[in-house]
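Peer 1: Here's the letter readout for the chains.
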Amino acid sequence: MTLTDRQQLSYIASQAADARLNVELETEGMTLNIGPQHPATHGTLRIIARLDGEQVVWAEPVAGYMHRGYEKLTEVRTFPQVTSLINRIDWLGSFANEVPFILAAEKLMEIEAPPRAQVIRTILFELSRIANVSLFLGDLGVQMGAITPVFLAFRDREYILNLIEGATGGRFHPNFDRIGGLKDDLPKGWIQETKGAVKKLEEFCDTIDDLLFGNEIFQSRMRGIGVIPADIAKDYGLSGANARASGIDWDLRRDQDLPLSYDLADWKVWTHPDGDSWARCWIRLQETRESCKIVGQLLDQIPAGPVMTKVPRIIKVPEGEAWVATENPLGEMGYYVVSKGDLGPFRVKIRSASFNNISIVPWALKGVYVPDIITILASLYFILGDIDR
Amino acid sequence: MGLVDKGRLPAPLTKLFNLSRSYSLWVYQWGLACCAIEMGAAFGSPRYDVMRLGVIPLPASPRQADFVCVSGTVTDKMAPAVKRLWEQMPEPKYAISMGSCANCGGPYWDSYSVTKGVDQIIPIDVYVPGCPPRPEALLEGIVLLQQRIKNEDMAAKWRGDEFTTLQRTRAMEAGEVDREGELISDTRSISDEPMPEVAAAHPEPIVVGGGPIE
Amino acid sequence: MAQLSDDTQTPQGDTAPAALPGDGLREGIVDTLRNDIGEALLDTLLKPNDDLWVRVSTESWLATGQALKAAGFTYFCFLSAIDWMPSPFGNSQDDPDDEPKQIDMTIKQGYTGGETRMQVFARLTDIDRHVGITVKADVADDNQVVDSWSQLFAGANWHERECHEMFGIGFNNHPDLRNMYLPGDFEGYPLKKDFPLLARMVKPWPGIVDVEPMPDFEEAADAPAAEAPAGAIEGAES
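Residue numbers (numbering that gives the first Met the number 0), protein chains in the order written: chain A, 0 to 388; chain B, 0 to 213; chain C, 0 to 237.
The following block holds chain A by itself, in its conformation from the complex (with noise of 0.2 Å):
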């Protein structure tokens, strides 16, 4: 087949405007957005990522897409109504979100719950880390592409949400922890149920141990990434097994003296050198088994007694100022309680665990891959309502 003349020059000149373009043609970046519902944000999270190629070279977290405003809420409510509030921060560990802010009012009023009080305190709220952390292991099976975990743990975590309503009433909100003590004692035969169910998520342990952390794809993906410094983690306040993926020793149940019964429990912090994804993983999993063993001992150990001293029908705070932070299924929470003798809270600032742990993600991200935007951001492991609050 020839070529006429014309459709000679009409290729030449079609070449020459590719070459051109070629010259002209520069590798642009690409803006990926991730959310604000995103299955890996574990809420509404949005995440902005400036790419080149698969690259990421800048990155950044958009939070408020679920700010409900508590620090002002909490300013217009009583006491005992801001627990009904606070529930909601961290939904996954309910119970352990009231527990710090009722122990910052019990030092203001310079009270401490009876000693059964504050066993069974304990145990809830092991039962709500056990929930939380749970849910984070079959999740994160989901987030490599395995669907198998997520219907495990949600599977087991019946067991403990069930144990959670027979105690308190309520599945997921549980609202239980009062200034003082305790709303009710523990109901009959709950304790044997407590045992159990604590048997039931070892066993769950030990198989997302071997299914998920004991595959090799799944090591792949997390080993040696996003790696976190421990002073770079303190840098940022890390906090929980994030800090301590990081080999930073630090234990608010261990470390500070608090009316909770963590000193009748023989049970270990777990540490790890790498601060790698993995390790954030791993340290969860290993902390879930602690907690069922702490569960597990102090079952045997409730005192007799009251759970509830005596209080005024209507609390009142007396003026002052008082931190208390715990070690909650995320990290460090804290309640910064400034009271000024009313009936409700003057300032509330609450130093929730997971804003902390996501102000590191624009570091975190920078320069790795695209698809292990999704590890990291699982394995730092943050709960929306915990970053907005």
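Any given hint might turn out to be false.
Each computed DSS-like pair below joins lysine-lysine, with the alpha-carbon atoms no more than 30 Å apart [said to hold, decoys possible]: (1) 339/A with 192/C; (2) 348/A with 202/C; (3) 115/B with 192/C; (4) 348/A with 68/C; (5) 68/C with 315/A; (6) 191/C with 339/A; (7) 107/C with 315/A; (8) 46/C with 115/B; (9) 46/C with 348/A; (10) 315/A with 202/C; (11) 202/C with 292/A; (12) 82/B with 202/C; (13) 339/A with 46/C; (14) 339/A with 202/C; (15) 115/B with 348/A; (16) 348/A with 191/C; (17) 68/C with 365/A; (18) 115/B with 191/C.
Derived by calculation from the structure, the hints in this document are not laboratory data.
Following the hints, complete the assembly by docking chains B and C onto the known chain A.
Peer 2: Same frame as chain A, but now just chains B and C:
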């Protein structure tokens, strides 16, 4: 289906279509807050197993979904995204509002940043009250939605009429429309004074448990 | 069970808490800080077996952070602000039928005193010595700006953004003081005491019905400090 396009469908065929529609519902999970976990428990866990009701909880995008389950607090910053999601969904579409926050603001009724009810943004078919509702309550909401779909006049819905069966019956009783659904009087003429979109396009919502929406 | 993680299991520490910080340690910290920043240390409060508060001058806010970081407080906990003005709307929990209460609008600061309406405060922790410290500084009423800690503690970046958004306090040398939570066109600073919650203005507080006298109210009234809020109780009984 030309019959549907014409807006006239024999009753048995309507029944058949409605039956198949109600048992192959693809739901888009718009989980926002605490309720998202209970929704996950209802949709993703072996204990509650929503698929036995004929609901498929895993569409990849709102464009494939038949109904959306808005669960959790809608904030003013999130509201535009919810609206856009709703507009992306193909007709016929339904919405379930799950939890007190999505219904009316819930415990954040006095907050400066929370939208007091998702029904300000999108029309809601079923309200599921609770904070958060148990998974069983959500399942009941889905069953109620399925009953509604079964009783629907599909042709009217697909024609984009502002009346559904229930409303048309009422309108006929009130003498506003004739049997074909044509307006008799011009009191409700859309060209003159547009009806509020939500109220016109949607039948009255169902509340699980029957109480007030709180 | 496949234990591929054996090589990395490095349990450290144990349940026995390392000696908890005594008040002697806290006094030492105050002395160190006084050496470093001198006159700028305005006031301190040490509550025995509880906690340590210090207040420094606004100009030395950054220098205090540096001194504390050098003294071992390397863990950044939080930074925020507090508006000491009493809310002009009360606690919004009064019965709307009652006489409006007179609100005492005198500004009274908390621990370690202060002279201005706004204060910034931050908390730092020394992880090795297991001790924490709360640092406060006044924010001038006419010029609500303090130095930024974001170069010192990277985590302070977000906390200062939040603080700016909620209180309108500016931070010198902060890289990026954008809104964090609220839409860009949001007006006002929500955590200021004079920011009204409109829903409460429109709708009376529904919780008033909660304060009904209980059957055992007579007993409870004997307990100390059980003074009922006069307005609320009377409102419920009427």
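Peer 1: All the hints need checking, so say for each whether the structure fits it.
Peer 2: Consistency of the hints with the structure:
Our distance criterion of 30 Å between C-alpha atoms is met by residue 339/A and residue 192/C, whose separation comes to about 14 Å. Taking the CA atoms of residue 348/A and residue 202/C, the gap is near 26 Å; set against the 30 Å cutoff, the hint holds. For the hint linking residue 115/B to residue 192/C, the alpha-carbon distance of about 23 Å falls within 30 Å, and the restraint holds. Straight-line distance between C-alpha atoms of residue 348/A and residue 68/C comes to about 22 Å, which keeps the hinted pair within the 30 Å bound.
Distance restraint check for residue 68/C and residue 315/A: the Cα-Cα separation of roughly 38 Å exceeds the 30 Å cut-off, and the hinted pair is therefore not satisfied. About 17 Å separates the Cα atoms of residue 191/C and residue 339/A, which keeps this hinted pair within 30 Å; it holds. A hinted pair counts as satisfied when its Cα atoms are at most 30 Å apart, and residue 107/C with residue 315/A qualifies at roughly 19 Å. Distance restraint check for residue 46/C and residue 115/B: the Cα-Cα separation of roughly 44 Å exceeds the 30 Å cut-off, and the hinted pair is therefore not satisfied.
For the hint linking residue 46/C to residue 348/A, the alpha-carbon distance of about 20 Å falls within 30 Å, and the restraint holds. Between residue 315/A and residue 202/C, the direct Cα distance comes to roughly 25 Å. Compliance with the 30 Å bound is thereby established for this hinted pair. Between residue 202/C and residue 292/A the CA atoms are separated by roughly 49 Å; this puts the pair beyond 30 Å, and the hint is violated. Distance hint between residue 82/B and residue 202/C is fulfilled; the C-alpha atoms sit about 27 Å from each other, no more than 30 Å.
Simply put, residue 339/A and residue 46/C have alpha-carbon atoms about 18 Å apart, close enough for the 30 Å limit, and the pair holds. Simply put, residue 339/A and residue 202/C have alpha-carbon atoms about 26 Å apart, close enough for the 30 Å limit, and the pair holds. Proposed proximity of residue 115/B and residue 348/A is supported: the alpha carbons are some 25 Å apart, at most 30 Å. A threshold of 30 Å between alpha carbons decides the hint, and for residue 348/A with residue 191/C the separation of about 13 Å falls inside it, so the pair holds.
Between the alpha carbons of residue 68/C and residue 365/A the distance comes to roughly 26 Å, so the proposed pair stays at or under 30 Å and holds. Between residue 115/B and residue 191/C the alpha-carbon distance is near 22 Å, which keeps this suggested pair within the 30 Å criterion.
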